[in-house]
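2 protein chains.
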Amino acid sequence: MTSTARLFAFVLAVPLMLSVAAAEVPKFAKNATSFTLGNGLEVVVIPDHRAPIVTHMVWYKAGAADERPGESGIAHFLEHLMFKGTKDHPEGEFSKVVTSVGGNENAFTSDDVTAYHQDVAKQHLATMMAFEADRMANLVLDEAAVATEREVILEERSSRIDSDPRAQLGEAVRAALYQNSRYGIPTIGWAHEMAELDLDDALSWYNRYYTPNNAVLIVAGDVTEEEVRSLAEVTYGEVRRRFDPPPRDRAEEPEPLAARTVTLSDPQVTQPSMQRVYLAPSYASGEPGEGAALDILSEIVGGGTISRLYRNLVVDQAIAAAAGAFYQSGTLGDAMFGFYGVPRDDGTLAEVEAAIDAEIAALVANGVTEAEVAGAKRRLLAATIYAEDSASALARSLGMALTSGSTLAEAQAWPATIDAVTVDAVNAAARKYLEIRRSVTGYLVGDASQSPS
Amino acid sequence: MTSTARLFAFVLAVPLMLSVAAAEVPKFAKNATSFTLGNGLEVVVIPDHRAPIVTHMVWYKAGAADERPGESGIAHFLEHLMFKGTKDHPEGEFSKVVTSVGGNENAFTSDDVTAYHQDVAKQHLATMMAFEADRMANLVLDEAAVATEREVILEERSSRIDSDPRAQLGEAVRAALYQNSRYGIPTIGWAHEMAELDLDDALSWYNRYYTPNNAVLIVAGDVTEEEVRSLAEVTYGEVRRRFDPPPRDRAEEPEPLAARTVTLSDPQVTQPSMQRVYLAPSYASGEPGEGAALDILSEIVGGGTISRLYRNLVVDQAIAAAAGAFYQSGTLGDAMFGFYGVPRDDGTLAEVEAAIDAEIAALVANGVTEAEVAGAKRRLLAATIYAEDSASALARSLGMALTSGSTLAEAQAWPATIDAVTVDAVNAAARKYLEIRRSVTGYLVGDASQSPS
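Respectively, the protein sequence lines represent chains A and B.
The first sequence: position 236 = 236 (the working numbering), numbered continuously.
The second sequence: position 367 = 367 (the working numbering), numbered continuously.
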């Protein structure tokens, strides 16, 4: 029903188009339009008439990084509690209706947003909007519902994190990377704080963030802007502007001065692995163009089987079973730019780390080539073809962008932003951010003897 | 004038008495008594008539760990701003009076408290109390004062932290150790947040914590309880209870799962060194007796030249120029239990770390002896003799204790608490807390080649 997603945002969610001359770079989701209701709800419509279905999503600008000290997990907890019913619709009714019309629904919480969505045949859109608008303002919670659902989230944490050494290492790496902001705290929360979350905490969160003027409605599929506007006005339009949400502060990180390592040792681990993450700007927190340059960099060094890391470590040197890079570009505050490597059966973590270090050193010293940048642009932009094929993928990409610091116009211009990246910009970003003092290296090992240090 | 102290609290500040049979263990500061004024100000008097002088201290239960996200440094900033004058006494008048009567004054901020004190001849006590009570409620601040003093704290940070690799490593180690609480953020603040602190932030802090019902007054020296009571009633007693301070939340740390390292490399470093800190309970956050057991453990393993670490690493193996242990026992939330080592000119960090690891492993495997525990108690308790000799040392110890979770009776019973520690309690604490997954190891090196890993 619900999921806690640390969304690898924009690029991984977006994927884009064939590169052509600058003037011809097509827009992303070019049919999308937006308007705002009187109560402040922003509405985005993405018409796609190829099939008589719609994706209906509501995104709240509230995520785990908005939590206050001591209440970790409340953003995700409220996501669960949003399924507890309202005064007009008791618990389970909404979900039952979705199922009865052959639709499906989901919800997720990230560090920056909480979103709810349903995919249904177009004739059921009005019903979805009525239910979703209803729970935006009329959620009913009591001690019993909170107590029951708290067990659910604790069990969720227990099965997803506490029994998974990889997830535990991920939490420890984040905690070490972020020295100041709430991004260092797990999206799902720390178990000891989750166990203390109560009805007051839940209502306080709901009454701090769940208001139309803090939400974005996305409808994608077989609809027109006018149809959505009419339906929205008689559903969401009836929800009063409940309050003004607090500013979305993302505590800025201090300049990192010391390289860090984190070693998680657990007998369950049969396959050691390592990761190296650097504190880097996101699209929202960086200078114009930096996010796009880092996207290109990530693609060149570690995107798929054509990347430097894959070719050199997995194919040529044959020391790694897997190796790559990733860039979490879509956070409001500073992001992670990372590398990972898994040694082959007869290899060691130290060997794989040394090879990744050598690739990073070469990147910083010699930079990337025009051909590499052109190829990366082609691959990134080509991927939008697939995104344009899926109304729900477009909805997801735009929802994420619009709740994480972008305007619709900026999101639509993403292909041009990527196309404008220069070799110099990529090399400057690599030199600026791939400094060891900005990094945390995580090791996952079965026992301490496998640790590289 | 002012100082940001990360106080190594209780034991390092307290120091105590000769061990004798349990029933005969003397109280610490046994002459100290306390009472509370009608406005909630707690008053502690420590009579000591050997010299006609007094120490006058006001402690506020407000420190850097009480700061909200984004306002790091405000506790210490307000400490500076408390010298800016009131409507009756312009800036500088109070300090001028202290100096003119041959006294001296100081102030400091820690993670848990902010304190102001003066040492003067006894006949000037009433004047000190009048001035100090006045600025508890009547501080006058303006934009100009805030702007000027902000430059001072930024310069203080710049000279104390940003130009000192040891201090930089200390900040990075704390940031890595504390995954949830504000103890991971520097007491003095992050520079980028200090630069944004303004008049509103300062007044908001002052109006959140500076009220008699959130303070402890300590007067030590040539006075009686009755004299202090009379003087307090006509000075501090006139300050109205301004508001109720917020609860002192110390976000609990999650159970640490992954060993961490932090490496600070700086060409200024001519002498590499390493430290290993474990997350451990303080007196306030631990189970009864745990803090005392850790104090004994710290003394046995690393307290001075008779300790295991000094004897083995510095004297016998002759690989270290310095080695020892420390325990920050006096925090409200969880504390640090730590080890440090400095290699000799021809030694390496790896060698020193391996030797410290071996000492810790031996401690956990074999425990300490009755003789070691008895000796540590003797040394800790003997040190109180010196503390009893100094009224201002007693004032400082009691002020720290009473603003960090202890009652006066508990603080006075500290010698008995230490005397009651058993070998089993010390061994249990060592086994429970000296686990590598609870730790951060910090390396200070001149260049990366000196790093042990």
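None of these hints come from the bench; they were simulated from the model.
Mixed in with the good hints there might be a few duds.
If the Cβ cut is set under 7 Å, some of the chain B residues that face chain A in the computed set are [stated by the list, open to error]:
hint, residue
1, Gln168
2, Pro245
3, Glu252
4, Val262
5, Ser406
What you are looking at is a predicted structure, and each value in this text was computed from that prediction instead of being measured.
Here a beta-carbon is modelled for each residue, glycine too, at the ideal position from N, C-alpha and C.
Each hint, compared with the structure:
A cut of 7 Å between beta carbons decides the hint on B:Gln168: the least distance to chain A is about 5 Å, and the hint holds. The criterion of a C-beta within 7 Å of any C-beta in chain A is not met by B:Pro245, whose closest approach is roughly 16 Å, and the hint is violated. With 7 Å as the threshold, the beta carbon of B:Glu252 comes within range of chain A, its nearest partner Cβ sitting at about 6 Å, so the hint holds. Interface restraint check: B:Val262 against chain A, minimum CB-CB distance 5 Å, threshold 7 Å, status holds.
A cut of 7 Å between beta carbons decides the hint on B:Ser406: the least distance to chain A is about 23 Å, and the hint is violated.
Against the hints set out earlier in the document, violations occur for numbers 2, 5.
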